Amino acid sequence: MLLRQLDYFIKVVDNQSFTKAADAAFISQSAVSQQIQALEQELDVKLLKRHNRSFSLTSAGNYLYRHGPALLAAADQLKKATINVGKHEVGELMIGYPKNYDGVGLGQVVSSFSQLFPQIQLNITAEDHVEMLRKLQNKELDIVFVDDRCDLPTDFHQELLLNSRYFVEICSENQVANQTSVTLNDVANKPCIVVCSKDQVAEEVRFYREKLGVDGEFKFVDSLAEAQMLVAANQGYLLVSEIGHWQPTSSLIKRVAVTEPAGHMMVQPYYVLWQEEQITAAVDEFIQLLMNILRNTD
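Count the sequence shown with the working numbering and you get residues 2 to 299, in order.
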């Protein structure tokens, strides 16, 4: 079945006329009739019941008419994407990820991608949420994965990466370290340690207070390493959403699942975002690897 034949068939049904369909396709009426007859012969089913100067759809014709437009739209999108890929080959990809991410899954993505595209240089940076979106908007980053701490911009293409479970990292000497789960009230006697830059403190406080329900004090640090040192010293707890397999920093730190007061697991949705017009073969492959590996290692 040729896409051109399907297009003619849909135009005939849309216009309820072979003549009008021919005008819309800029070909002769006889050519439209021949193509639809050829389509019926290839499928070995009748699509139209002819009634002198009118026609009606057969069951097969009705089915093809209902599902055909989606196939044409997908083919058109594939065509545009293929042309775009061919015209925008890249030698570098810029990736952004959350500052408090410590899973090993991203490393697996990078390793797999580099084997497929050894000629492409990967520049990967840990950023605050707002800064990542700003850089994506300014095309300083090609791909980011972020949580939904605020409404995600609608001008980016987005895909749900996973719903990640929340955990607290806490000193192994803490009295709750050996529990199978905790609520945020169980650790409220210690400060919540937050990894962020100074200009993002207000935004982080709003997120932790309003969306996560943290009521206690905060300690703000610049890096994950600094945060985990404070945890090991029993100076606070680190609230993390587990994306991929966690590699314990030391035996001094335990990771305990966080539950809501009602007993449900506390989770955080994560999304991968990119600009659709920037899609290339490399971008598409990196996104697929990111989704496949992180979803399978959570």
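Keep in mind the hints are simulated off the structure, nothing from the lab.
One or more of the hints may lead you astray.
[To be verified] Taking lysine-lysine and the DSSO-like style, the derived pairs with C-alpha atoms no more than 27 Å apart in a straight line are:
{"#": "1", "residue 1": "K50", "residue 2": "K81"}
{"#": "2", "residue 1": "K199", "residue 2": "K220"}
{"#": "3", "residue 1": "K12", "residue 2": "K81"}
{"#": "4", "residue 1": "K136", "residue 2": "K199"}
{"#": "5", "residue 1": "K50", "residue 2": "K12"}
[Claimed, not checked] For each label pair, taking beta carbons as the anchor points, the in silico distance ranges come out as:
{"#": "6", "residue 1": "L4", "residue 2": "V202", "range": "53 to 63 Å"}
{"#": "7", "residue 1": "M2", "residue 2": "P270", "range": "31 to 41 Å"}
{"#": "8", "residue 1": "S224", "residue 2": "L3", "range": "41 to 51 Å"}
{"#": "9", "residue 1": "A71", "residue 2": "S173", "range": "49 to 59 Å"}
{"#": "10", "residue 1": "P270", "residue 2": "E227", "range": "54 to 64 Å"}
{"#": "11", "residue 1": "T83", "residue 2": "E43", "range": "40 to 50 Å"}
{"#": "12", "residue 1": "Q30", "residue 2": "L72", "range": "23 to 33 Å"}
{"#": "13", "residue 1": "G264", "residue 2": "A74", "range": "43 to 53 Å"}
These numbers come from a predicted model, not from an experiment.
The beta carbon of each residue, even a glycine, is placed where N, CA and C say it ideally should be.
Check: Given the proposed pairing of K50 with K81, does the C-alpha separation stay at or below 27 Å?
Finding: With Cα atoms ~35 Å apart, K50 and K81 exceed 27 Å; violated.
Margin query: 53 to 63 Å was suggested as the range; check whether the CB atoms of L4 and V202 agree with it.
Written below: Once the Cβ atoms are compared, 55 Å apart, the range 53 to 63 Å for V202 and L4 holds.
Margin query: Tell me if the straight-line CA distance from K12 to K81 falls inside 27 Å.
Written below: Holds, at roughly 22 Å.
Note to self: Range first: 23 to 33 Å. Now tell me if the beta carbons of Q30 and L72 are that far apart.
What the structure shows: 24 Å Cβ-Cβ, so the 23 to 33 Å window holds.
Item checked: Supplied distance hint 49 to 59 Å, evaluated on CB atoms of A71 and S173 -> holds, 55 Å
Notebook entry, point to check: Has the given pair, K199 with K220, been kept, meaning a C-alpha gap of at most 27 Å?
Noted result: Holds, at about 11 Å.
Notebook entry, point to check: Is K136 within 27 Å of K199, Cα to Cα?
Noted result: holds, 18 Å
Check: Holds or violated: 40 to 50 Å for the Cβ distance of T83 and E43?
Finding: Taking Cβ atoms as reference, T83 and E43 lie about 25 Å apart, which means the hint is violated.
Next item on the list: Please test the hint of 54 to 64 Å on the beta carbon pair from P270 and E227.
Entry: violated, 27 Å
Checklist line | Verdict for M2, P270 (Cβ pair) under range 31 to 41 Å | finding: holds, 40 Å
Check: If you check the beta carbons of G264 and A74, does the distance land in 43 to 53 Å?
Finding: holds, 45 Å
Next item on the list: Could you check the hint for me, namely that S224 and L3 are 41 to 51 Å apart, CB to CB?
Entry: Roughly 58 Å apart at Cβ, these two residues miss the hinted range, so it is violated.
Checked against the numbered hints given earlier, this structure breaks hints 1, 8, 10, 11; the rest are met.
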